[in-house]
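Each chain, letter by letter, is given below.
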Amino acid sequence: MSEVVKKFLYVNRKAPYGTIYALEALEVVLIGAAFDQDVSMAFLDDGVFQLVKDQNTKEIGVKNFSPTFRALGDYEVTKLYVEAESLAERGLTEDDLQEIVYEDEDDDWAEKPSIRIVSRDEMAAVMADQDVILSF
Amino acid sequence: MKFGIVVSEGPYTHQASDTAYHFAKAALEAGHEVPRVFFYHDGVNVGTRLSVPPQDERNIQANWTALGKAHGIDLVICIAAAQRRGLLDENEASRQGKDANNIAEGFRISGLGQLIEMGIQTDRLMTFGD
Amino acid sequence: MSTLHTVNKSPFSTQTLLSCLSHAQDGDAVLMIEDGVYGAAKGTGVADAVAAKAGKVSIYVLQGDMAARGIDAARLIDGISAVDYAGFVRLAAEHDRAQAWL
Numbered sequence: 096m097s098e099v100v101k102k103f104l105y106v107n108r109k110a111p112y113g114t115i116y117a118l119e120a121l122e123v124v125l126i127g128a129a130f131d132q133d134v135s136m137a138f139l140d141d142g143v144f145q146l147v148k149d150q151n152t153k154e155i156g157v158k159n160f161s162p163t164f165r166a167l168g169d170y171e172v173t174k175l176y177v178e179a180e181s182l183a184e185r186g187l188t189e190d191d192l193q194e195i196v197y198e199d200e201d202d203d204w205a206e207k208p209s210i211r212i213v214s215r216d217e218m219a220a221v222m223a224d225q226d227v228i229l230s231f
Numbered sequence: 003m004k005f006g007i008v009v010s011e012g013p014y015t016h017q018a019s020d021t022a023y024h025f026a027k028a029a030l031e032a033g034h035e036v037p038r039v040f041f042y043h044d045g046v047n048v049g050t051r052l053s054v055p056p057q058d059e060r061n062i063q064a065n066w067t068a069l070g071k072a073h074g075i076d077l078v079i080c081i082a083a084a085q086r087r088g089l090l091d092e093n094e095a096s097r098q099g100k101d102a103n104n105i106a107e108g109f110r111i112s113g114l115g116q117l118i119e120m121g122i123q124t125d126r127l128m129t130f131g132d
Numbered sequence: 006m007s008t009l010h011t012v013n014k015s016p017f018s019t020q021t022l023l024s025c026l027s028h029a030q031d032g033d034a035v036l037m038i039e040d041g042v043y044g045a046a047k048g049t050g051v052a053d054a055v056a057a058k059a060g061k062v063s064i065y066v067l068q069g070d071m072a073a074r075g076i077d078a079a080r081l082i083d084g085i086s087a088v089d090y091a092g093f094v095r096l097a098a099e100h101d102r103a104q105a106w107l
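Residue numbers (the numbering used here), protein chains in the order written: chain A, 96 to 231; chain B, 3 to 132; chain C, 6 to 107.
There's no promise every hint is true.
Away from chain B, derived, C-beta distances all over 12 Å, residues of chain A [claimed, not checked]:
| no. | residue |
| --- | --- |
| 1 | V134 |
| 2 | N159 |
| 3 | T163 |
| 4 | G168 |
| 5 | A179 |
| 6 | G186 |
| 7 | L187 |
| 8 | E189 |
| 9 | I195 |
| 10 | V221 |
| 11 | A223 |
Keeping only pairs whose Cα atoms sit at most 25 Å apart, straight-line, the calculated BS3-like set for lysine-lysine is [what the hints assert, rightly or not]:
| no. | chain 1 | residue 1 | chain 2 | residue 2 |
| --- | --- | --- | --- | --- |
| 12 | B | K4 | A | K102 |
| 13 | A | K158 | A | K109 |
| 14 | A | K158 | A | K148 |
| 15 | B | K71 | B | K4 |
| 16 | A | K101 | B | K4 |
| 17 | A | K148 | A | K174 |
Going by beta-carbon spacing under 7 Å, a handful of chain B positions derived as facing chain A [claimed, not checked]:
| no. | residue |
| --- | --- |
| 18 | H43 |
| 19 | S112 |
| 20 | L114 |
| 21 | G121 |
| 22 | I122 |
It should be emphasised that the hints constitute simulated quantities derived from the structure, not laboratory data. In this text the structure is predicted, and so the values were computed from the model without any measurement. Glycine included, each C-beta is placed from N, C-alpha and C at the ideal position.
Kindly generate the complete structure, drawing on both the sequences and the hints.
Here it is, written out as structure tokens:
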């Protein structure tokens, strides 16, 4: 669609369900995938709660959109940076997050994890390496 | 320089749409361009022509309409967010079988692709939300 | 390459300002806007954290939001300067990208 390739970072700092930001952020990511940009997602602060496994929204009557994260690989969104300090502060470890993988076309379609746990300093460096930052 | 602006909170409850307006105005006054403003989340509510704020208060929608008209700003309301929140133009109202539409002059309803395109085509993307 | 960070939350109701400060790189700028301006005053529970960062990043506060909330320039933490909307635009143009901490 466009010859310009910019680095887009979607920054997620809010928990799901209490507000709509997480869901509507994901909608932007899915649409944005069609533009062939260099896309990354950042999950820090309460944003890490979006990736927690075993979300069940049956009783609150709101759509559970967490399975959509597992489809991101099909949209070539394969860099999901998750901040280690944010996890630890919330009593979470990587094992509490759902498994999200993508198939690497440059490596004989080997299945690889999309979630990359990074330190706060590494997250800061990821942020500083972007052209466009969309915050939710 | 080209500034793209995202407004992601509704008017009156949050200050975001006011700050975005003042920023856009200052950018234009400084000789920059603001080709597009994208309204997302509750920000879509800025674009209803049915709000009637008290006479002694600013009219956020009217301010954006006037600024857009004076400087040719493309005021885009996200369709997905708008449908959830009851913002409809004539076309959408008839397509969805609704008996009214409420979009204000100068605004148009379009897809999220317009947001990404704005990020690609402008030099800086500014987000005002909460 | 540097970033203009904007913070619009009171530091007494969310972690947003502290999160922003812990991710800002040397040479970046942080602009406090809307309720974020409460983070710019001296003598608060977050003033030390803000002052500690002030040498490495440039910290600004939006004049109109400060005035609206009754914060006088004399109450600003040393090293923080006030800018108007034109100054906000200049900061956004000077830095390579803007990141809103919402």
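Going through the hints against the structure:
| no. | hint | result |
| --- | --- | --- |
| 1 | V134 | violated, 10 Å |
| 2 | N159 | holds, 17 Å |
| 3 | T163 | holds, 14 Å |
| 4 | G168 | holds, 19 Å |
| 5 | A179 | holds, 26 Å |
| 6 | G186 | holds, 27 Å |
| 7 | L187 | holds, 25 Å |
| 8 | E189 | holds, 29 Å |
| 9 | I195 | holds, 22 Å |
| 10 | V221 | holds, 17 Å |
| 11 | A223 | holds, 15 Å |
| 12 | K4/B to K102/A | holds, 17 Å |
| 13 | K158/A to K109/A | holds, 17 Å |
| 14 | K158/A to K148/A | holds, 15 Å |
| 15 | K71/B to K4/B | holds, 17 Å |
| 16 | K101/A to K4/B | holds, 15 Å |
| 17 | K148/A to K174/A | holds, 18 Å |
| 18 | H43 | holds, 6 Å |
| 19 | S112 | violated, 11 Å |
| 20 | L114 | holds, 4 Å |
| 21 | G121 | holds, 4 Å |
| 22 | I122 | holds, 5 Å |
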